[in-house]
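Visitor: This is what each chain is made of:
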Amino acid sequence: MHNQLAKPTLNFSRIAIYATLLLACAVYLIPLIVMLLTSFKSPEDIRTGNLLSWPQVITGIGWIKAWDTVGGFFWNSVKITLPAVFISTLLGALNGYVLTMWRFRGSQLFFGLLLFGCFLPFQTVLLPASFTLGKLGLASTTTGLVIVHIVYGLAFTTLFFRNYFMSVPDALVRAARLDGAGFFTIFTRILLPMSVPIIMVCLIWQFTQIWNDFLFGVVFASGDAQPITVALNNLVNTSTGVKEYNVDMAAAMIAGLPTLLVYVLAGKYFLRGLTAGAVKG
Amino acid sequence: MSTMTALGRVSPTEKLQRWLPKLVLAPSMLIVLVGFYGYILWTFLLSFTNSSFMPSYKWVGLAQYARLMENDRWWVASKNLAVFGGLFIAISLVIGVVLAVLLDQRIRREGFIRTVYLYPMALSMIVTGTAWKWLLNPGLGLDKMLRDWGWEGFRLDWLVDPDRVVYCLVIAAVWQSSGFVMALFLSGLRGVDQSIIRAAQVDGASLPTIYLRIVLPSLRPVFFSALMILAHIAIKSFDLVAAMTAGGPGYASDLPAMFMYSFTFSRGQMGMGSASAMLMLGAILSILVPYLYSELRGKRHA
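Chains as they are written, first to last, in numbering that gives the first Met the number 0: chain Z, 0 to 280; chain Y, 0 to 301.
Don't take each hint at face value.
Stated by the list, open to error - To give a feel for the contact side, a few chain Y residues facing chain Z, derived at Cβ under 7 angstroms:
hint	residue
1	Leu29
2	Ile30
3	Leu98
4	Leu101
5	Gln104
6	Thr114
7	Tyr116
8	Ala121
9	Ser123
10	Ala182
What the hints assert, rightly or not - Pairs of lysine-lysine residues, derived as DSS-like cross-links and limited to a Cα-Cα distance of at most 25 angstroms, are as follows:
hint	chain 1	residue 1	chain 2	residue 2
11	Y	Lys78	Y	Lys235
12	Z	Lys78	Z	Lys134
13	Z	Lys64	Z	Lys78
14	Z	Lys242	Y	Lys143
15	Z	Lys242	Z	Lys64
16	Z	Lys134	Y	Lys57
I should point out that these hints are in silico values taken from the structure, not numbers from a laboratory.
All figures in this text were calculated on a predicted structure; none of them were measured in a lab.
Where a beta carbon is used, it is the ideal one built from N, C-alpha and C, also for glycine.
Bound-form chain Z, shown alone (with noise of 0.2 angstroms):
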């Protein structure tokens, strides 16, 4: 709602309005500035300074520490990111697809029954679920995270495509069909052309989930295939030797970077899948 009768006239309020924004910005930004300052920082200047003063020398030592401790489980969490993004988000495509096109008796129950998914509480799986990878041999292996963030993540993907596909109308599929056109070739052919919009934002959505994941991680991989998030939570809470802040900064920014990356590049899609996916049911 823009108000288009109120002039925007320099007075006490508007200038109020605007330094709460900006106070606030900066409030939203402080964490971030602390966390890149306090990595390129020696230890020495951690020790004298404080969180907001500019380092004495800029140092590069706490990012190649903490690449060396984080970096091999940042390739797991792209090994585990993208074929389960790529997975779960078709799989959500053909989902919404059969259930908005070729709906059958049962179809919406199944429907219901899924968005569930949205709001369950993990812990009420997590000890089955690993019951489950270990007795198939995937127990600690990326492999099985992937299959469990492509199982729960499949209630949102679902979701996505499911309501925008109610938006397409039938006489577009119908008359495929009557021209002799099959299930995969209106799939392929009508509606995922139609479908980027979505697509993106199901693609980012997922990417953030996945790559953000820490629940999933601890419980179902320890040790050599564990995700990011888990490598940088044991690097912040060892309490052996001395803490090293200007490591630990430098591994949280290399945890956050691709999600942050993606955000500035696609925030558009972001916040619509944020607002979509989780509104509407």
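Got chain Z; can you put chain Y on it based on the hints?
Guide: Then chain Y, alone, in the frame of chain Z:
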């Protein structure tokens, strides 16, 4: 198609076409039935057994729930959830609404400001927790900075204070999620019918009055959605605790999700861990069911 069936001449490819949708949906149906509901039932079952380090299926009735009710740490975790959840939701809502209303006043560089408010939402709670653990570090964090800046008597040691450590979780969680609330309300504000506001202005109502009396009440659905999402985030909060406090000092900042994890996976108390998971499910359902009920009823009336 029905005529073809009547004539009894269905070619194999047509048959396949008819079954394809079901076939495509089948893996997901299996996933939902087994991975969602089957597993919940399995956990439910485990909560009635004496499972410890390994699952066992010796029935003990409600004994695990009874033990949970007698467990001091569970009560600390539940009480913390009430404090954390209540403050986190209330503060995020207030900040979110205020920022959304202010941003709706034809602000220059609105897009940039919005981006700044929302970026924490893209970060992992582990990253957020790590950052705030450092900011709230007693001795080196904000504590020292404000003293360096001349506020001699400033002390901020909440992170190691059992009575205040929960507030640290609140601060970090609000920092992460309030921008999201702002975004929800801003998109709601953009959907408000302008003519109503104009009419109110013509009637001589002031801008704050219009917002408080007309605009915000009309955003009730947004308010309930935000409430729902925030409550859900609070109940599931695990990563933030793990990264910031690991439940400490002692178990002063434990939350149910953390309790469930440590009893189930570190302390070999699968039975009690499962019982705690079921209570978490109960908590989610107790906010989800009324929400869905009102949503559906609203749709029927509309």
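Visitor: So, for every hint listed, does it hold in this structure?
Guide: The hints, checked one at a time:
For Leu29 (chain Y), the interface hint is violated, the least distance from its beta-carbon to any beta-carbon of chain Z being 10 angstroms, above 7 angstroms. A least Cβ separation of about 5 angstroms between Ile30 (chain Y) and chain Z falls short of the 7 angstroms threshold, and the interface hint therefore holds. For Leu98 (chain Y), the shortest C-beta to C-beta distance to chain Z is roughly 6 angstroms, which falls under 7 angstroms, so the interface hint holds. For Leu101 (chain Y), the interface hint holds, since its Cβ comes within 7 angstroms of a Cβ in chain Z; the closest pair sits about 5 angstroms apart.
At its closest, the beta carbon of Gln104 (chain Y) sits 6 angstroms from a beta carbon of chain Z; the interface hint therefore holds under the 7 angstroms criterion. Look at Thr114 (chain Y): its Cβ gets to within about 6 angstroms of chain Z, closer than 7 angstroms, so that hint holds up. The beta carbon of Tyr116 (chain Y) is positioned within 7 angstroms of a beta carbon in chain Z (closest approach about 6 angstroms), and the interface hint is therefore held. Residue-level restraint check for Ala121 (chain Y) holds (minimum Cβ-Cβ distance to chain Z is 4 angstroms; threshold 7 angstroms).
Annotation: Ser123 (chain Y) was flagged as interfacial toward chain Z, and the flag holds, the nearest CB pair being 4 angstroms apart, inside 7 angstroms. Nearest Cβ of chain Z to the Cβ of Ala182 (chain Y): about 6 angstroms, under the 7 angstroms cut. The hint holds. Annotation: proposed proximity of Lys78 (chain Y) to Lys235 (chain Y) holds, straight-line Cα distance about 15 angstroms (limit 25 angstroms). For the hint pairing Lys78 (chain Z) with Lys134 (chain Z), the CA-to-CA distance comes to about 22 angstroms; that is within 25 angstroms, so the pair holds.
Note on Lys64 (chain Z) and Lys78 (chain Z): the hinted pairing holds, with a Cα-Cα distance of about 22 angstroms set against a maximum of 25 angstroms. The suggested pairing of Lys242 (chain Z) with Lys143 (chain Y) holds, with an alpha-carbon distance near 17 angstroms, which does not exceed 25 angstroms. Only pairs whose Cα atoms come within 25 angstroms are accepted, and Lys242 (chain Z) paired with Lys64 (chain Z) is accepted, the gap being roughly 13 angstroms. Between the alpha carbons of Lys134 (chain Z) and Lys57 (chain Y) the distance comes to roughly 21 angstroms, so the proposed pair stays at or under 25 angstroms and holds.
Consistency note: the structure conflicts with earlier hint 1 alone.
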